[in-house]
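Those protein sequence lines, which keep their order, are chains A and B.
What the first sequence shows, in my numbering, is residues 377 to 475, in sequence order.
What the second sequence shows, in my numbering, is residues 1115 to 1515, in sequence order.
Bear in mind the hints are in silico, worked out from the structure with no lab data behind them.
For each residue, glycine too, the CB sits at the ideal point set by N, CA and C.
Don't take every hint at face value.
[As the list claims (entries may be wrong)] Computed Cβ-Cβ distance ranges for the label pairs, DEER-style:
| hint | chain 1 | residue 1 | chain 2 | residue 2 | range |
| --- | --- | --- | --- | --- | --- |
| 1 | A | Arg392 | B | Gly1402 | 39 to 47 Å |
| 2 | B | Asp1336 | A | Glu432 | 39 to 47 Å |
| 3 | A | Pro386 | B | Ala1360 | 29 to 37 Å |
| 4 | A | Ala401 | B | Glu1416 | 24 to 32 Å |
| 5 | B | Arg1165 | A | Pro390 | 50 to 58 Å |
| 6 | B | Gly1460 | A | Pro398 | 51 to 59 Å |
| 7 | A | Val474 | B | Arg1165 | 50 to 58 Å |
| 8 | B | Gly1402 | A | Val474 | 43 to 51 Å |
| 9 | B | Ala1297 | A | Pro390 | 40 to 48 Å |
| 10 | A | Arg445 | B | Phe1124 | 20 to 28 Å |
| 11 | A | Pro398 | B | Arg1484 | 49 to 57 Å |
| 12 | B | Asp1205 | A | Glu472 | 29 to 37 Å |
| 13 | A | Arg445 | B | Gly1402 | 35 to 43 Å |
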Amino acid sequence: MTTTTTTPAPVYDPARPWALHPRVALRPESFGALAYHFGTRRLSFLKSRTLLSVVESLSDHPSGLAACRAAGVPDEALPAYERALATLADTGMICERVA
Amino acid sequence: MTLAAPDTGFRLVDRFEQGLDAPICLTWELTYACNLACVHCLSSSGRRDPRELSTGECKALIDEFERMQIFYVNIGGGEPTIRSDFWELVDYATDHHVGVKFSTNGSRITEAVADRLAASDYVDVQLSLDGATAEVNDAVRGEGSFATAVTAMERLAAAGFVGFKLSVVVTRHNVGQLDAFRALADRYGAQLRLTRLRPAGRGADVWDELHPTADQQRELYDWLVARGEDVLTGDSFFHLAAYGDALPGLNLCGAGRVVCLVDPVGDVYACPFAIHREFLAGNVRGPGGFTAVWRGSELFTELRSPQSAGACASCGHYDACRGGCMAAKFFTGLPLDGPDPECVLGHGEQALGARGAVVAPRPSPDHSARPRRVAVALTPTHRPDRRCDERPLAGSALRAE
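Whenever a hint applies, use it, and build me the whole structure from the sequences.
Here it is, written out as structure tokens:
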């Protein structure tokens, strides 16, 4: 693989619209899901089915926060989900979409 | 690998031990044919097996991998590039969303091949080298194999392939060369990968004299902790976790749970280090194909059930090392529910001493080109060159290897 020039990973902002990176595939598992990036060959584990729903539906919602709410993430769990999404943004698994 | 996780109160490793719908790491050996005859070959390769999967069967298997969402496969052998349909299969896999990393001794990495590889995002290469000098390497991999691998690295670097893997099996004779391996990888823009010597395949014949000594294991662990950042290990040194901190990785035996091996004739084994009928789960040619073997075979079902810690149950480090490597125990004649032969607390050595008349199982089948030699002169004439998660959000340094 030749290294592709990497643009700096965007910081996750829950108010912005997000989407799964087009080269990332998700495989549901009982604990949540595996996410694989075909470009970076990076593998991530999503440790809950709810997080999988959030990630799958990001592009249907005007913001990351809206996707979390629609998937039923309770307020008290929001910080943990936002940290998870920030990790996924940081590793290029999700990316900001042009609204 | 990265964990992206709200805190759901369970350890991922525990889930992995119960098995997944599809493997995370699948090794697929395409052929038993090889132009080398490395003394520690895990698959006792040499001669092609006439029953090897046809091109059509290989493609059907790739279709199955795609349906199961096996995102990438580690192709090996033998020397996989010897197969005349090798590139056809690589292209077929990547066209079907199955990424490929293949292991090679470098003998077929021509300039044209290097260019082709550099142009693909979906194919990764892993070059095997077991000494940072020709003397140490060639004693294990054969005369001229060091020069061959270096030429391949030169070609890959010249073609602009960045980040291919330089894969080293750590032995008694090269453990002092870790810095030199790292320098070699750096010189060619490669990433170093270190793995454990297993007593599997022909490795069973040479393990006694090639496996690192207890002191060397400690040296290796300290090196990995201090300088092992960005060094891949295929999670193979988890038995060293009992020294203290776990090394990056899942730190579990993934055999039949998240890992398996498909051999050239379609036999599915629990892991690449366990080519023996005892660990044979089925064959991809059987009814239901690979999917049925992975999801329903008796062996894999059993491996996914709670395992007994046996003699290790009372050890305070069991949670760290999980009893070590099943294959290493099996092929040294130790009970599977006891210590690893390289247990860092020395319990393995004691167990080996107490084996008495127990005869270690012989690896099977054997595709060696020549009858295997039981004793091999492996010591280089001169001394080797010495210069030479579980938090809500866990980010670990692991990559898909």
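Verification of the supplied hints:
no.	hint	verdict
1	A:Arg392 x B:Gly1402: 39 to 47 Å	holds, 46 Å
2	B:Asp1336 x A:Glu432: 39 to 47 Å	holds, 44 Å
3	A:Pro386 x B:Ala1360: 29 to 37 Å	holds, 31 Å
4	A:Ala401 x B:Glu1416: 24 to 32 Å	holds, 30 Å
5	B:Arg1165 x A:Pro390: 50 to 58 Å	holds, 56 Å
6	B:Gly1460 x A:Pro398: 51 to 59 Å	holds, 52 Å
7	A:Val474 x B:Arg1165: 50 to 58 Å	holds, 54 Å
8	B:Gly1402 x A:Val474: 43 to 51 Å	holds, 45 Å
9	B:Ala1297 x A:Pro390: 40 to 48 Å	holds, 45 Å
10	A:Arg445 x B:Phe1124: 20 to 28 Å	holds, 25 Å
11	A:Pro398 x B:Arg1484: 49 to 57 Å	holds, 51 Å
12	B:Asp1205 x A:Glu472: 29 to 37 Å	holds, 33 Å
13	A:Arg445 x B:Gly1402: 35 to 43 Å	holds, 42 Å
Violated hints for the displayed structure: none, as all numbered hints are satisfied.
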